[in-house]
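Asker: Here the structure of chain A is known, so what remains is to put chain B in place on it, guided by the hints.
Protein sequence lines correspond, in order, to chains A and B.
Quick note: the first sequence uses our numbering, first residue 2, plus one each step.
Quick note: the second sequence uses our numbering, first residue 3, plus one each step.
Calculated directly from the structure, the hints in this document are not laboratory data.
Just so you know, not all the hints are guaranteed correct.
To be verified - Simulated crosslink set (EDC-like; lysine to aspartate or glutamate; CA at most 20 Å straight-line):
| id | chain 1 | residue 1 | chain 2 | residue 2 |
| --- | --- | --- | --- | --- |
| 1 | B | K232 | A | D10 |
| 2 | B | K241 | A | D7 |
| 3 | B | K241 | B | E212 |
| 4 | B | K241 | A | D10 |
| 5 | A | K5 | B | D204 |
| 6 | B | K232 | B | D248 |
| 7 | A | K46 | A | E91 |
| 8 | A | K19 | B | E236 |
| 9 | B | K100 | B | E57 |
| 10 | A | K5 | B | E207 |
| 11 | A | K46 | A | E90 |
| 12 | A | K6 | B | D204 |
| 13 | B | K131 | B | D163 |
| 14 | B | K131 | B | E89 |
| 15 | B | K239 | A | D15 |
| 16 | B | K238 | B | D248 |
| 17 | B | K65 | B | E29 |
| 18 | A | K19 | B | E194 |
| 19 | B | K232 | B | D19 |
| 20 | B | K239 | B | D204 |
| 21 | B | K238 | A | D7 |
| 22 | B | K238 | A | D10 |
| 23 | B | K239 | A | D10 |
| 24 | B | K69 | B | D19 |
| 25 | A | K19 | B | D204 |
| 26 | A | K5 | B | E236 |
| 27 | B | K239 | A | D7 |
| 28 | B | K130 | B | D155 |
| 29 | B | K256 | B | D165 |
| 30 | A | K6 | B | E236 |
| 31 | B | K238 | A | D15 |
| 32 | B | K232 | A | D15 |
| 33 | B | K232 | B | E21 |
| 34 | A | K6 | B | E207 |
| 35 | A | K46 | A | D28 |
| 36 | B | K241 | A | D15 |
| 37 | B | K238 | B | D204 |
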Amino acid sequence: MPTKKDIQDLYFMDSRFKLLEIASFLDRVERHDGEADFRHEAFMKALMAMQNPPEGTSRAQAVHLAFSDHSTQPAESATIQFAFGAHQEEDPS
Amino acid sequence: MRYIEPHAHMVSRTTADYEKIAQVGCEALCEPAFWAGYDRASAQGFYDYYRQLTEYEPARAAKFGIKHFCWLCINPKEAEDPVFAREVMSLIPDFIKKPNVLGIGEIGLNKNTRNELAIFEEHVDLAKKFNLPILIHTPHLEDKLKGTRLILDALNNADVDRDRVIIDHVEEHTAPLVLDQGYWAGMTLYPESKCSPARAIDILETFGMERIWMNSACDWGISDPLAVIKCALEMKKRKHSSEVVDQVIFDNPKAFLSQCPNFSL
Chain A
2 MPTKKDIQDL YFMDSRFKLL EIASFLDRVE RHDGEADFRH EAFMKALMAM
52 QNPPEGTSRA QAVHLAFSDH STQPAESATI QFAFGAHQEE DPS
Chain B
3 MRYIEPHAHM VSRTTADYEK IAQVGCEALC EPAFWAGYDR ASAQGFYDYY
53 RQLTEYEPAR AAKFGIKHFC WLCINPKEAE DPVFAREVMS LIPDFIKKPN
103 VLGIGEIGLN KNTRNELAIF EEHVDLAKKF NLPILIHTPH LEDKLKGTRL
153 ILDALNNADV DRDRVIIDHV EEHTAPLVLD QGYWAGMTLY PESKCSPARA
203 IDILETFGME RIWMNSACDW GISDPLAVIK CALEMKKRKH SSEVVDQVIF
253 DNPKAFLSQC PNFSL
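Pulled out of the complex, with its shape left as it was, chain A reads as follows:
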C-alpha cells in the first residue's frame, strides 16, 4: 500500500488546486452584489465539519452529513425534481 508521502505525491497538487478553487469561490460570492441563499451557510458549516469531524466520522462523511437532510419521515409531495446540493431547512413561519 502507498505511504503517506506516496499519497501526497499523488494528490497534493490536485488538492492544493481544489482548495484554491474553494477559496476563490468564497471570495467571488463575497465580492458580488445581492444576498447568498441557504447554500452559503451550508457550505461554511460543511467546511467547519471537515475541520472538526465528530469522533468516528471521517472528514468526507462529516461534509456529507453537514449537507444532508436529517429528517426521517417521507415528504408529502415533491415540489422539485432536482437537488440543490444542500438541505434547506423549512421556514418555521
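Answerer: Just chain B now, with coordinates in the frame of chain A:
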C-alpha cells in the same frame, strides 16, 4: 483489462461510445431503466423505451462484441403520480420474458416522498413475484442519506433476499449503512457529483472490496463512459494489484449479476 460496466444508460450515448468501451476491455454492459431528462407523456412512451432496451440496444452493443443486459422499472422521478406509475408497471411483466432482462431497476427514491416510496415498495413486490434481483437508485446529494435510510427500512419490511439486492450510488456516508446490512453496494463515478475515482478507491480501502462494484452511469448528463477503466488505472497508481483491480471491475459484478437467470458472458 477486462471489465463489466454494470450501470450505463446507452440510449443516451453514441455508437462511438460503444466502440470506445469495447476497445478498453468492456465485455458486458447493464442498462437500468431511467429518467429520460423529461417526463414521458404516456405509458406508450415507456413501451417504446422498453423495446429500445430489450431489442435495439442489445443489437447495437453486439456489433462491438459487448453483451447488453437491462433492468426494467419506472424510475422514481416519474413515480410521483402513482396512477401513471402503475399503468407503466403493468407493461413490465410482458418484457420480463425478453432474454436480456436482468431484474427490476433502477427503482428507488428521488425526493423521498410518500408516493415514490409506495411505488418503490410495489416494484419490490413485483421483483419478489417474479423472483428477480433488484437494482436500487439512491437519491442525489442532500437527499441521499434520508433516502437510503427509507429504502433500507422498506427493504427490511419486505423481507427481501439481501444477496440479490444492489443499492447504487453509495458515497462515504451511505456505503457503511448498505454494506453493514448485508446488501451489495454500487459506486457511481461522475465528474461533478457522486464519486471521483480517488474517493471511490478510498471507499474500497475503507469498507472493503467485497460486495461492491463501480459504474460510470453514463447518460445524457456530464458523465464519462470510460470512468470505470480510468478508476481501475487510478487503483494501479495506488498500488493495488492486478488481481484486486480485476476483482472489483470484473469478478464482483459478475458474481452479483450471475444471480440473474438471463446473465451470461
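Asker: Would you mind marking each hint as holding or not holding in the structure?
Answerer: A quick look at each hint next to the structure:
no. : hint                 : verdict
1   : K232(B) with D10(A)  : holds, 19 Å
2   : K241(B) with D7(A)   : holds, 10 Å
3   : K241(B) with E212(B) : holds, 18 Å
4   : K241(B) with D10(A)  : holds, 13 Å
5   : K5(A) with D204(B)   : holds, 13 Å
6   : K232(B) with D248(B) : holds, 13 Å
7   : K46(A) with E91(A)   : holds, 17 Å
8   : K19(A) with E236(B)  : holds, 18 Å
9   : K100(B) with E57(B)  : holds, 9 Å
10  : K5(A) with E207(B)   : holds, 14 Å
11  : K46(A) with E90(A)   : holds, 14 Å
12  : K6(A) with D204(B)   : holds, 16 Å
13  : K131(B) with D163(B) : holds, 13 Å
14  : K131(B) with E89(B)  : holds, 18 Å
15  : K239(B) with D15(A)  : holds, 15 Å
16  : K238(B) with D248(B) : holds, 11 Å
17  : K65(B) with E29(B)   : holds, 12 Å
18  : K19(A) with E194(B)  : holds, 13 Å
19  : K232(B) with D19(B)  : holds, 15 Å
20  : K239(B) with D204(B) : holds, 13 Å
21  : K238(B) with D7(A)   : holds, 13 Å
22  : K238(B) with D10(A)  : holds, 15 Å
23  : K239(B) with D10(A)  : holds, 11 Å
24  : K69(B) with D19(B)   : holds, 14 Å
25  : K19(A) with D204(B)  : holds, 18 Å
26  : K5(A) with E236(B)   : holds, 16 Å
27  : K239(B) with D7(A)   : holds, 10 Å
28  : K130(B) with D155(B) : holds, 17 Å
29  : K256(B) with D165(B) : holds, 13 Å
30  : K6(A) with E236(B)   : holds, 17 Å
31  : K238(B) with D15(A)  : holds, 18 Å
32  : K232(B) with D15(A)  : holds, 17 Å
33  : K232(B) with E21(B)  : holds, 16 Å
34  : K6(A) with E207(B)   : holds, 17 Å
35  : K46(A) with D28(A)   : holds, 16 Å
36  : K241(B) with D15(A)  : holds, 19 Å
37  : K238(B) with D204(B) : holds, 13 Å
Taken one by one, the earlier hints all hold for this structure without exception.
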